[in-house]
Amino acid sequence: MNRPIAITTGWHAKYRHIVASDGRDLNTEILAAHAENNYFLLIDLYTEAANLADNQDAECFFLTFAHVFALELGHPHQFKLQARLKAYGRE
Amino acid sequence: MAKDFTPTDIVSVQRPVDKANGLPNAHYTDPQVFSEESEAVLKSTWAGLAVGADVPIAGDAKPISFLGIPLLLLRDRDGNIRVFENICRHRGMQLVSEAKNIEGSIRCPYHSWCYSTKGKLVSTPHVGGAGHNTHPSIVKEELSLNEVRSKVWRDVVFINISGDAPDFTDVHAHLINRWSEFDCQIFHGGAESKFKLELTANYKLAVENYCESYHLPWIHPGLNSYSRLEDHYNIVKYGKYSGQGTLVYRQFRAEDGSPAFPDFPNLSEQWNEGAEYITVYPNVLLGVQRDHAFAIVLEPKAYNKTVEHIHFYYASDATDSKSRSKNTQQWIEVFEEDIFVVQGMQSGRYAPTFDGGRFSPVMDEPTHCYHDWVARKISTYRG
Numbered sequence: 001m002n003r004p005i006a007i008t009t010g011w012h013a014k015y016r017h018i019v020a021s022d023g024r025d026l027n028t029e030i031l032a033a034h035a036e037n038n039y040f041l042l043i044d045l046y047t048e049a050a051n052l053a054d055n056q057d058a059e060c061f062f063l064t065f066a067h068v069f070a071l072e073l074g075h076p077h078q079f080k081l082q083a084r085l086k087a088y089g090r091e
Numbered sequence: 001m002a003k004d005f006t007p008t009d010i011v012s013v014q015r016p017v018d019k020a021n022g023l024p025n026a027h028y029t030d031p032q033v034f035s036e037e038s039e040a041v042l043k044s045t046w047a048g049l050a051v052g053a054d055v056p057i058a059g060d061a062k063p064i065s066f067l068g069i070p071l072l073l074l075r076d077r078d079g080n081i082r083v084f085e086n087i088c089r090h091r092g093m094q095l096v097s098e099a100k101n102i103e104g105s106i107r108c109p110y111h112s113w114c115y116s117t118k119g120k121l122v123s124t125p126h127v128g129g130a131g132h133n134t135h136p137s138i139v140k141e142e143l144s145l146n147e148v149r150s151k152v153w154r155d156v157v158f159i160n161i162s163g164d165a166p167d168f169t170d171v172h173a174h175l176i177n178r179w180s181e182f183d184c185q186i187f188h189g190g191a192e193s194k195f196k197l198e199l200t201a202n203y204k205l206a207v208e209n210y211c212e213s214y215h216l217p218w219i220h221p222g223l224n225s226y227s228r229l230e231d232h233y234n235i236v237k238y239g240k241y242s243g244q245g246t247l248v249y250r251q252f253r254a255e256d257g258s259p260a261f262p263d264f265p266n267l268s269e270q271w272n273e274g275a276e277y278i279t280v281y282p283n284v285l286l287g288v289q290r291d292h293a294f295a296i297v298l299e300p301k302a303y304n305k306t307v308e309h310i311h312f313y314y315a316s317d318a319t320d321s322k323s324r325s326k327n328t329q330q331w332i333e334v335f336e337e338d339i340f341v342v343q344g345m346q347s348g349r350y351a352p353t354f355d356g357g358r359f360s361p362v363m364d365e366p367t368h369c370y371h372d373w374v375a376r377k378i379s380t381y382r383g
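Protein sequences appear in the order of chains L and F. When the letters of the first sequence are read in order and numbered with my numbering, they come out as residues 1 to 91. When the letters of the second sequence are read in order and numbered with my numbering, they come out as residues 1 to 383.
Calculated from the structure, these hints are not laboratory results. Do not take every clue at face value.
What the hints assert, rightly or not - The calculated BS3-like cross-link candidates involving lysine-lysine, where the alpha carbons are at most 25 angstroms apart (straight line), are:
id: 1; chain 1: F; residue 1: 19; chain 2: F; residue 2: 240
id: 2; chain 1: F; residue 1: 118; chain 2: F; residue 2: 62
id: 3; chain 1: L; residue 1: 86; chain 2: F; residue 2: 120
id: 4; chain 1: F; residue 1: 118; chain 2: F; residue 2: 151
id: 5; chain 1: L; residue 1: 86; chain 2: F; residue 2: 118
id: 6; chain 1: F; residue 1: 140; chain 2: L; residue 2: 80
id: 7; chain 1: F; residue 1: 62; chain 2: F; residue 2: 120
id: 8; chain 1: L; residue 1: 80; chain 2: F; residue 2: 120
id: 9; chain 1: F; residue 1: 43; chain 2: F; residue 2: 237
id: 10; chain 1: F; residue 1: 43; chain 2: F; residue 2: 377
id: 11; chain 1: F; residue 1: 118; chain 2: L; residue 2: 80
id: 12; chain 1: F; residue 1: 140; chain 2: L; residue 2: 86
id: 13; chain 1: F; residue 1: 377; chain 2: F; residue 2: 19
id: 14; chain 1: F; residue 1: 140; chain 2: F; residue 2: 118
Just chain F, same shape as in the assembly (with noise of 0.2 angstroms):
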């Protein structure tokens, strides 16, 4: 942190909804508060990096930099996501600079240090002189690639950076077990169930308008006419989660009018027409239904850029592809709706009297929960 680093002023975040104000406008506008929030934020606890469907098979291997950080996300022989620093322990030299499937092992470009798929050093060619292949002083036990904690949920892959967050499932034990009906085996619907939208904004406004159902009527009117206002409950759990659900929720329909997708198998009736959508915090936001289930894992590209990446899971391996796209169609559609509500809240984010905004006691909670959290993170970690 820079010398001149002055920190935020969150208490005002901290009170009861009815008395808050949302995250100072820095949160969103200068660089260095961006920096100081993704230490606090996304580096020491459990925060989305990406999904298991990006490394389908055993070997696939996709390098991704996340705050910076060049990471290797890749799927071992066995079968196991794993993430790794994207760097040979030799010279540190990137080791896989685009997505590719490992048939054997990851041969560092520079000088063919070679790793195994559970980032094991396997060889270390000439380390001792021309033909000689090992060396006292270079020991390949310690030496394996610095592998990052990782934990796969709903085919989400979170990773904690800084090593000490306690373990995801009991961080998120409450939201598992509220959506324990929902943990089975889930199907990416394949190419044409992602896509990416790229934002000019901070990724915090991203989970903020997820939140809350307040803006529903005014941003996707189109849902009007089904799901009202009225037809949506709040979710909050303080320190937790937050999120939105719907008593309303319809199945997805073929042409033919019957559901086009098969329903997740041992639902109860709660959810016939019961559908939830949560931020798992800090980053991914995921939704729930019965017959179709959607992960967004928030890439925080820079303070005021946010790449979505969308992708859409399905009970079945064997639903229709037409059907897949109309899906995925349909959800852009609301999707790209959002758009310029999110720009827009970063834009305005940059009026130096705007004093973080208050929140509605009915209808913002949801997004209150979430500043709060972000404020209690920022506080442990200035201690």
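Just chain L, same shape as in the assembly (with noise of 0.2 angstroms):
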């Protein structure tokens, strides 16, 4: 499976499960990276599922998690992200 499951019940369970295009479990990667506060590893996990997303509302949920990462860090990507969710009209 290549493209994420989007369950259309409950924003918990909308964006679980995400499968990467090469395989892997985004959803199992970014609760680990959480778990060791792994904060410049979430900023590419969330930004990897945001460009997964089949739907701008989970697009830009997880864009803005990247995004806050990267302000909390002062992480160059901040710009961009900030720069997808505005455009977005979202930020």
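With the hints in hand, could you dock these two chains into one complex?
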């Protein structure tokens, strides 16, 4: 499966079990990165999840996490992540 | 204030020194009086909170509880020191729980609202629903962190909690002018140039002991061989500050007998053997000498608990580490000699018939000056 599963009820359930194009379970990787407070990795994983999203809401949901962690770290990606959210009127 | 709170009688404190009594016992032993006094004396004025060296690098943040108020000492991206209430404007969550460097933004650990190091609210994730990070009712410009007025002088971070005190430079103009020759860049000596002492005593007792030289020959006999009582003078500016000075200060020497530290630049001859030790009311003890200075911030933990945060400063950032350590150790011995006095006076304040005591008009005027200032602040607060 190369696309995320979009469950339509509840925003917690809606974005779970995202599978990357190479078959990795992004959800599991994201949880592991959260457990390790690995914010650098979380920026990448959430950006990847956003790129895989099949709808704008899901994309912006994941972009928001990537943007927030980029803000916290002063990561240079914060600007392009913010620009993507702004383009959708979400930031 | 509880309904049964009875204000203390402080009229006798404000009499001339030869007729005055010290502050009543309750100002040292009663939590309710401490609470009133904190409003009048510590929150309405410029109180010492910390030193700039506590947050030496841009982005450094240190949470500090001051009189129970959660504060955040922060050096912003431009290097300026700021003090904020350490809470998110969203649900009041504590923002920073331990000292750290803020690399980018301050992220609230609850809902991840983010603030810049200047306190500006920069992100409100999901505030308008999942993936919607804005909402018309949440105006970022109106929700910056609440900043506390602060002023850094001689690296001490002073704060005015009430927000309505006259400017620091106006309040302390006389002292700033008095020590204008020391108005130069100073360098904190680093890890070996700071220590803290925990006292089971009210913070005012540390001030009272620091202000006067009367106790020196008895409590610090090591000074008697070269710094006799008659070599000291009182510093008394009613309504402003007080302390003591010496006419026989001797520089700290290295093992070879030469001065261990360079002098502060541009000092006049007055300071060749002169040094002064002054309390910046209400809770900061400062000392200036030709080759090093120090700052002691008294943290009032409770009516009967105080932490002394002691820091040493030099004219150069290239002084010898070993000498700095020895200098610190020498001062630790002096300050530790004062602990039993300060704590002994705290114990004494539970004697029910003690009337605040009397002052030697000759030797104790700096202490009376401080009591008088505290009493004035309380009188003003009571209206």
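Against the 25 angstroms threshold, does the CA-CA distance of residue 140/F and residue 80/L hold or violate the hint? Given that 25 angstroms is the threshold and the Cα spacing comes to 20 angstroms, the pair holds.
Distance restraint between residue 140/F and residue 86/L, which requires alpha-carbon spacing of 25 angstroms or less: holds, 15 angstroms
Holds or violated: are the alpha carbons of residue 19/F and residue 240/F at most 25 angstroms from each other? holds, 21 angstroms
Could you grab the alpha-carbon distance between residue 86/L and residue 118/F and see if it respects the 25 angstroms cut-off? With a Cα-Cα distance of about 23 angstroms, the restraint between residue 86/L and residue 118/F holds, given a limit of 25 angstroms.
Holds or violated: residue 377/F and residue 19/F, Cα atoms, limit 25 angstroms. Between residue 377/F and residue 19/F the Cα gap is close to 20 angstroms, so the pair holds against 25 angstroms.
Taking only the CA atoms, is the gap from residue 62/F to residue 120/F under or equal to 25 angstroms? holds, 18 angstroms
Given the hint that residue 118/F pairs with residue 80/L, test it: the Cα-Cα distance must not exceed 25 angstroms. holds, 22 angstroms
Keeping to a limit of 25 angstroms between CA atoms, is the pair of residue 43/F and residue 377/F held or broken? Distance of about 11 angstroms is within 25 angstroms: holds.
Pair hint outcome, residue 118/F versus residue 151/F [Cα-Cα no greater than 25 angstroms]: holds, 15 angstroms
For the pair supplied as a hint, residue 43/F and residue 237/F, confirm whether the alpha-carbon distance does not exceed 25 angstroms. holds, 22 angstroms
When you check the alpha-carbon spacing of residue 86/L and residue 120/F, does it fall within 25 angstroms? holds, 19 angstroms
Holds or violated: residue 80/L and residue 120/F, Cα atoms, limit 25 angstroms. holds, 20 angstroms
Comparing the model with each numbered hint stated earlier shows that all of them hold.
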